[in-house]
Amino acid sequence: MNKNLYMQKIGEKAKTASQNLSNINFKKKNSVLKQFSKYLKVNEQLILNANKKDLVNAKSKKITDSMIDRLKLDNKKIYQIRNSIEKIVQFKDPVGRIISSWKRPNGLIIKKVSIPIGVIGVIYESRPNVTSDVAALCFKSGNVVILRGGSEAFHSNKILAKLFKKALKKNKCDENCVQFVEYKNRSHVDYLLSSMKNYIDLIIPRGGKSLVRKVLNKSSVAIIGHYEGLCHVYVDKHADLNLAIKIVKNSKMRNVSICGAAETLLIDKKCLKTHCKPILTQLSKLGCKIIGDKIIKKFIPEKIKIAKKKDWSTEYLSPIISVKSVNGVNDAINHINQYGSSHTDAIVTKNKKTAKKFLSNINSSIAIHNASTQFADGGEFGFGAEVGISTGKLHPRGPIGLDQLTTYKYILEGKGQIRK
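Residue numbers (the working numbering): 183 to 602.
Calculated directly from the structure, the hints in this document are not laboratory data.
Careful: at least some of the hints might be erroneous.
Said to hold, decoys possible - In the DMTMM-like style, the derived pairs of lysine to aspartate or glutamate whose C-alpha atoms are separated by at most 25 Å in a straight line are:
1) Lys491 / Asp475
2) Lys340 / Asp372
3) Lys490 / Asp513
4) Lys400 / Asp422
5) Lys538 / Asp372
6) Lys347 / Glu226
7) Lys400 / Glu364
8) Lys223 / Glu194
9) Lys220 / Asp275
10) Lys348 / Asp275
11) Lys234 / Glu364
12) Lys431 / Asp513
Unchecked claim - Listed next, with one range per pair, are the computed distances between beta-carbon atoms:
13) Ser542 / Lys191: 41 to 51 Å
14) His551 / Tyr590: 24 to 34 Å
15) Gly564 / Asn231: 28 to 38 Å
16) Ala553 / Lys597: 32 to 42 Å
17) Gln190 / Thr589: 43 to 53 Å
18) Thr198 / Lys269: 35 to 45 Å
Using N, Cα and C, we set each Cβ at its ideal position, and we do this for glycine too.
Construct the complete structure from the given sequences, taking the supplied hints into account.
Next comes the structure, spelled out in structure tokens:
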């Protein structure tokens, strides 16, 4: 089928499905999600077989280990996907909530009420779990979704989308509430971004810097998303050493391929003698490569690569960390605001006043005190799952869960009031 016609039909079906979805009650939405979870369990081997095809293709193209790690599914990951869906089932309906209400002097009652956004296009890379997470979150929040996953996860995404559609059909809901673009050609993405503003209300890109930049440059529709996860941990002079070691190790090495992984470590010059070597030794033992400034190098007997300016703005997504000495909290804040990506940044300190200054002054959408940056995740926030992390200044910011996938309108209730 002609590319333009194919995408046009997807848009038309999405608009119709959006109208139909507004008539589906909360109970039926949950029934669809429960059915989807059952299908994931029953068809586990089918999903793993599809994923195996993707892994074989990815390895033949010599895709990086971190990308393979994101792509790979196993029994445990499928269980985690099902667990996320079951958590989403338990949440209250985010649609129709009265966010606030007030009465005017003339007796007019004004209510601010949550409503779905409408039709959402999600363009993403690598992770097949995004297909199920996004489909579940969008559907429960009353939104129709058009999914365009990365070509490296094509077979995995296709089977997951197919099972969600099957769950919709089983519950007599419009199957087009979830649609998957079944073409790998990038021209379909270009058309989605540039020529479907009559059908799509919002685009969410979830992937690397090049993907997000492309979406920002080409989209004729509103966008929420983030360029990259250039996350920092700042170890203050009042940091407890054991706590700092634990937090830095987890922030960097728990999973190096996620956007919440720390990429730069900042250490206060006043605690370098006590904190630098113990922290970096622990990272080295875990196989992390250290890139440090000239001052850091003095505290490490091993040979380390001297950091260049580009290292402060590099998202490694691998066991590499850049380490810089700073002159206290103000210097740390300035560095983060200059080189960071407004994603997630943490401070380790016992000093509450210093912590407050850090948390108030960094531009990050997620600011953390005495905990790992790897909590930058919708599931860890208690959202069940996430569509992505938004680092822009406008709504929403941080993990995008159910409530963040709604907007609102004002409902005015009167008794014949007219304006003078």
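Hints violated by the structure (listed by number, smallest first) | Going through the list in order, the structure violates hints 4, 5, 8, 16, 17 and 18 and respects the others.
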